[in-house]
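Trainee: First to last, the sequence lines map onto chains C and Y.
Residue 104 in our numbering sits at position 104 of the first sequence, with consecutive numbering throughout.
Residue 138 in our numbering sits at position 138 of the second sequence, with consecutive numbering throughout.
The set of hints was computed from the structure by calculation and includes no laboratory data.
The beta-carbon is built from N, C-alpha and C at its ideal position, and this holds for glycine as well.
Fair warning: there could be bad hints in the mix.
Some chain Y residues near chain C, calculated using beta-carbon distances under 10 Å [as the list claims (entries may be wrong)]:
(1) P217
(2) Y231
(3) W286
(4) S344
(5) T405
(6) G429
(7) R438
Sample of chain C residues at the chain Y side, in silico, Cβ under 10 Å [to be verified]:
(8) R28
(9) K71
(10) T74
(11) M129
Just a sample of chain C residues kept apart from chain Y, beta carbon distances all over 12 Å, derived [unchecked claim]:
(12) T7
(13) E79
(14) H127
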Amino acid sequence: MQKTPITVNDRQYQVTAPPEEPLLWVLRESLQLTGTRYGCGEGQCGACTVLLEEKAVRSCLTPLSSAAGKKITTIEGLEQNGALHPVQQAFLAEGAFQCGYCTSGMILSAVALLNGNRNPSDAEIVHAMNGNICRCGTYPRIVAAIHRAAQGAQKA
Amino acid sequence: MDPDPDRELALELEQHEAGSILRCFEMERRDFLKLLGGGILVCMSASSGAAQESGRMPGSHELPKDIAAWLHIAGDGHVTVFTGKVEMGQNIRTSLAQQVAEELRVPLESISMVMGDTQTVPWDMGTFGSRTTPTMGPQLRTMAAAARETLLNQAAEQWKVDPSGLTASDGRITNPRTNQSLSYGELTHGQKLVKVVESAPGLTPAAQWKTAGQPLPKVDGRAFVTGQHHYPSDIDPPGMVSGKVLRPAAFRATLVSLDDNAARHQPGVAVVRDGDFVGVTASDMWSAEQALAALKAQWKAPPQISDRELFGYLKANTDKGESEPPKVTGSVEKALAAADVRLSQSYTVAYIQHAPLEPRAAVAEWDGDRLTVWTGTQRPFAVRDELAAAFHIPSQNVRVLVPDTGSAYGGKHTGDAAVEAARLARAAGKPVRLVWTREEEFTWAYFRPAGVIEIRSGAQRDGTITAWECHNFNSGPSAIDTPYNVANRHIQFHPVDAPLRQGSYRALAATANHFARESHMDELSHATAKDPLEFRLKNTRNDRLRAVLEAAAEKAAWSRHKSTPERAFGIAGGIEKGGHIAAVAEVEIGPQKSVRVVRVVEAFDCGAVVNPNGLRNQIAGAIMMGMGGALFEAIRFDNGRILNPRFSQYRVPRFSDMPQIEVVLVDRKDLPSAGAGETPIVGIAPAIANAIFAATGERLRSLPLRTA
Chain C
1 MQKTPITVND RQYQVTAPPE EPLLWVLRES LQLTGTRYGC GEGQCGACTV LLEEKAVRSC
61 LTPLSSAAGK KITTIEGLEQ NGALHPVQQA FLAEGAFQCG YCTSGMILSA VALLNGNRNP
121 SDAEIVHAMN GNICRCGTYP RIVAAIHRAA QGAQKA
Chain Y
1 MDPDPDRELA LELEQHEAGS ILRCFEMERR DFLKLLGGGI LVCMSASSGA AQESGRMPGS
61 HELPKDIAAW LHIAGDGHVT VFTGKVEMGQ NIRTSLAQQV AEELRVPLES ISMVMGDTQT
121 VPWDMGTFGS RTTPTMGPQL RTMAAAARET LLNQAAEQWK VDPSGLTASD GRITNPRTNQ
181 SLSYGELTHG QKLVKVVESA PGLTPAAQWK TAGQPLPKVD GRAFVTGQHH YPSDIDPPGM
241 VSGKVLRPAA FRATLVSLDD NAARHQPGVA VVRDGDFVGV TASDMWSAEQ ALAALKAQWK
301 APPQISDREL FGYLKANTDK GESEPPKVTG SVEKALAAAD VRLSQSYTVA YIQHAPLEPR
361 AAVAEWDGDR LTVWTGTQRP FAVRDELAAA FHIPSQNVRV LVPDTGSAYG GKHTGDAAVE
421 AARLARAAGK PVRLVWTREE EFTWAYFRPA GVIEIRSGAQ RDGTITAWEC HNFNSGPSAI
481 DTPYNVANRH IQFHPVDAPL RQGSYRALAA TANHFARESH MDELSHATAK DPLEFRLKNT
541 RNDRLRAVLE AAAEKAAWSR HKSTPERAFG IAGGIEKGGH IAAVAEVEIG PQKSVRVVRV
601 VEAFDCGAVV NPNGLRNQIA GAIMMGMGGA LFEAIRFDNG RILNPRFSQY RVPRFSDMPQ
661 IEVVLVDRKD LPSAGAGETP IVGIAPAIAN AIFAATGERL RSLPLRTA
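All chains should be modelled from the sequences, with the hints used to inform the complete structure.
Mentor: In structure tokens form, the structure reads like this:
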């Protein structure tokens, strides 16, 4: 089987897997990066969200071939030298999760949002995050966490 | 007024997937003590004052006679608590640890909670019914207090002083007179002391709590924001392969033929057939999916009803043999005859699905005839017994571990995925991981029961309710009775031979029964020309219910609000599982009568609050989840098939549905703590329905609510 080069969290890998295999399974099984979660397999819940070249994508619908040679960031790659990403810190500070199963996808979607919009309004957050489901219903705290992360980034 | 919790629990067990598999066996303690080594082990005797959730269960169940929980203090001072309760987002890993820290007088960081591992924790019925806080909380507090007393006595013996002069704080025993001080680790080092607590020592009153009662963050929050937490679907023993199960084409289908030739020839694939059970294993998930897709099966299924015929079916298929006897007080007929105002209405609720974001998942590993399964379940011991029965092995040969799970909401009482994974693993001769797809989760997991609820009522012109008759078909008996003072009542639950597999849900039937009752209360208030809040207050003398109704109304500015066709308020209240709840919903009616909930105020009293941070999170979450059942969620089905088994077809609440949420906590430090994961969901649907009526004059009596 052919090998596909991918870069995940600044590390390069040669993955032996069919090109049509969803990135989700490659991350979870070949690379043991299980922080990326399966939720629906149809891009409707956002639990499997990762960054592909800084853009939030659903890894359950992203074939390995379309990630070839590209830079992928998963939840495991946000922490730098033991310091949490500001969005991770903000989720902790706001207690913005219950069971936490949606949290990886929420955080990565929020990181992508803040990369493109340093100070989003409530409406912009709702619009950007609406493809992510938190079945525990922690939405108000997630919105608060995104505002908190935005404010922290502006002060810095 | 509060219902008998044992009776409620019994009803839940009977009704909801649990009754027939409830068994327990005594713990094998010797191995466990060996494992722990030195230190002090404190055990809670189930027969003690702070009793286990057992007692007067009906039927032939064998209940725990031995030990309900353990607490161990190691030679380094580290405290480990062992409980059969499981964490699935309701925050008990933190709230239970807070209570132990409180009574033991140790920092929260020195406590580890071992939860839901059948090999190391004492038997437990399960995590449901909002039982953790009112039962496990006091048990752990009692053990911790007993451990503290033991340590005080140890120090007193060493120092040859009276223990009453010593103090315990911050993990140390101190003699204030001599300034002598020993850490718990120093006191327990080299000990092998087992203490069985038979009676409850004095517990610290909530008004004096320092660690309990505080809005502390989740103890392991960092693992969730970094992706490091391992859910059941992340467990990865060496040599593991992936499994898939071939689902029948319809419910109640039998397998006619199977052609597995193509699948069998894919590399690394094994096909398992055992009666109508067909599954595959492969080296990874993607290969397993391909193998499954290559199976050609023919199924034969009997004709089955569709959701369009559902409510008529439920009324027509009452299983009279199992009907609960009615609860009757006075004479409804006489009271109705004398009433100034009479109402008779019927309400319905749809089948809905829990849709936990982590689908059912299990990893199974055999070692000879010993089986280990990691799975997400609310009832690890019941699943252990389910596995033992399925494979004809003793329960002692089965170990079930429940890693903190990606939520459940009452939907994970059973061991479906565990049994399937174990069957595949036995065939593969390797550990197998099985993760249900979303479509499987929507189709093959049990549903929240649909139901029909009929209410007849009568009232005097002054707004006094005089008659209340309520019949619930299929949805369940939880909260079926009214908390209002009505002299003449007839209340009855009618079980039905249900068309779909059904089971527990967050707050069980209390959502349905509250929807019907609080909608009907609203109708009756309008029929007697009373304000809906005043009408409720007039008809209840329950101080706690009155307090939450008044608190929610005040926060929402109920009395100053004027309803318009575009914007209006609705109110609902209730009592369930020891919690007292009131909700005010404010809705906006848009073009084509679209409904948007713009604001929800909930006041909640669950006794002494253990962790207001976690509690607020649960309440806001219950409001959001309740909005799903209120406004959009309904399972559609036809002829044994689910027609909307995807998130693209089954709408759940999203960010764009989020109202402004305001929570008023009524912290009753003078009262025992009640569970809080469920009750906050029960008021939301009727509050929204009542608000829609206030705006539009249209009375909606079916969940989900749909304007004409």
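Trainee: State for each hint whether it applies.
Mentor: Here is what the structure says about each hint:
1. P217: Nearest chain C Cβ about 6 Å off; hint holds.
2. Y231: Hint holds; Y231/Y Cβ to chain C Cβ min 6 Å, cut 10 Å.
3. W286: Because about 4 Å separates W286/Y from the closest Cβ in chain C, which is inside the 10 Å limit, the hint holds.
4. S344: violated (35 Å)
5. T405: Since the shortest Cβ distance to chain C is 7 Å, the answer is holds.
6. G429: Violated, because the Cβ-Cβ distance from G429/Y to chain C comes to roughly 20 Å (cut-off 10 Å).
7. R438: With a minimum Cβ separation of about 4 Å from chain C (threshold 10 Å), the hint on R438/Y holds.
8. R28: Hint on R28/C: holds, closest Cβ of chain Y at ~8 Å, below 10 Å.
9. K71: With a closest approach of 18 Å, the K71/C hint is violated.
10. T74: holds (7 Å)
11. M129: Check passed: Cβ of M129/C comes within 5 Å of chain Y, closer than 10 Å.
12. T7: holds (18 Å)
13. E79: violated (6 Å)
14. H127: It is violated; H127/C is separated from chain Y by about 8 Å at its closest Cβ, not greater than 12 Å.
When the structure is compared with the earlier hints, violations turn up for hints 4, 6, 9, 13 and 14 and for no others.
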